[in-house]
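*Asks:* Could you put together the complete structure from these sequences and hints?
Protein chains in written order, with the working numbering: chain P, 52 to 121; chain Y, 256 to 502.
No false leads were mixed into what you were given.
Computed list of lysine to aspartate or glutamate pairs in EDC-like fashion (alpha-carbon distance at most 20 angstroms, straight line):
| id | chain 1 | residue 1 | chain 2 | residue 2 |
| --- | --- | --- | --- | --- |
| 1 | Y | LYS412 | Y | GLU485 |
| 2 | P | LYS92 | Y | GLU402 |
| 3 | P | LYS92 | Y | GLU485 |
| 4 | Y | LYS371 | Y | ASP381 |
| 5 | P | LYS92 | Y | GLU487 |
| 6 | Y | LYS342 | Y | GLU402 |
| 7 | Y | LYS407 | Y | GLU485 |
| 8 | P | LYS92 | P | GLU102 |
| 9 | Y | LYS371 | Y | ASP302 |
| 10 | Y | LYS491 | P | GLU98 |
| 11 | Y | LYS371 | P | ASP64 |
| 12 | Y | LYS495 | P | GLU98 |
| 13 | Y | LYS491 | P | GLU102 |
| 14 | Y | LYS262 | Y | GLU487 |
| 15 | Y | LYS495 | P | GLU102 |
Okay, the calculated bits of chain P under chain Y, using three or more residues with CB under 8 angstroms as the criterion:
| id | stretch |
| --- | --- |
| 16 | 56 to 67 |
| 17 | 84 to 97 |
Think of the hints as simulated: they come from the structure by calculation, not from any bench.
Glycine included, C-beta positions come from ideal geometry on N, C-alpha and C.
Each chain, letter by letter, is given below.
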Amino acid sequence: MYFDSLGALVHMDGHGVYVWSAYMITLVVIIFILLSPIRRKNRILSEMAGELRRSQGAPSTDEESNASGT
Amino acid sequence: MWTFFHKLGSPPWLYGISGTILRYLLPVTLVALAVGMVWGLLYTAPDFRQGNSYRIIYIHVPAAVVALAGYYVMAIAGAVSLIWKMKMADIAMKSCAPIGAALTFVALVTGAIWGKPTWGTWWVWDARITSMLILLFLYLGVIALYEAYDNKAAAGKACAVLTLVGTVNIPIIYKSVDWWYSLHQPASIKFTGESSIDTSMLYPLLLTISAFYLMFTCALLMNMRAEILERERRTKWVSKLAGMESD
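*Replies:* So, in structure tokens, the structure goes:
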């Protein structure tokens with residue numbers, strides 16, 4: 052490693068604030084880029100699974116929704 | 256050859272094959288991103304003129320390079336959907352826009368943060384920076400235009416036209432540092448001739464650039480998969496898929 056200590060790594064001769072904030076923002080955006088399509092896909096599939104259950108008229112799910120509604 | 260193109264137009268086939276590709280590509284991408292960033296942050300020497308702030312290069316340059324490359328992909332997909340009316344090309348074009356916008360945003364923000372200790376200012380209306388800002392607006396424009404139409408076919412056509420008109424901006428971005436007197440430094444890596452960057456700094460940079468390309472590919476495939484499901488929700492194969500998920 053180039054830096055002698057953790058303190059030096061964080062501080063980076065006064066540039067630490069810039070470097071670390073830039074990396075943090077990038078990391079957040081990368082996580083957003085990769086997670087948002089996964090969440091969208093799961094949402095669509097679970098919506099469709101719900102529709103499917105309703106159209107098949109499964110009695111157990113109806114009872115559940117009634118029970119939770121009252 | 257033609258059967259391949261035929262398959263490419265088939266949503267279930269593309270959904271299946273992209274799932275298989277992602278199973279291997281996504282872990283590789285995450286490892287490459289982690290190794291590249293840690294290498295750049297921890298194991299390279301500081302720049303003799305800019306000090307440690309130059310470490311931002313390992314995210315700034317890849318984000319900017321892939322944001323531009325993403326625009327090419329979007330423009331080609333737009334042209335294909337306009338000319339051959341391929342449904343998958345339209346899906347690919349739409350899927351590029353949010354990733355490109357996010358990467359352009361990263362390039363601009365990290366550039367501003369890098370500019371403060373290096374140039375003494377967060378922002379200048381410089382040719383390179385302004386043309387990157389226009390790129391961000393083009394990406395956002397495509398997203399907004401898509402949402403503005405109820406008719407998806409009309410939306411796709413309008414977006415494809417906007418995308419193709421916007422390609423004018425791409426050579427301007429590339430050449431801006433040479434054409435105008437600019438604060439922004441010229442390219443350090445050249446395919447022809449000597450690069451002006453030391454190999455100890457070049458290797459981690461090439462790694463993060465590759466990692467960002469891989470990330471773009473993964474995100475594009477994942478966005479396309481979600482979009483395919485959305486558009487094909489009334490079909491049998493998607494119902495079957497949803498039925499399997501709920502069991």
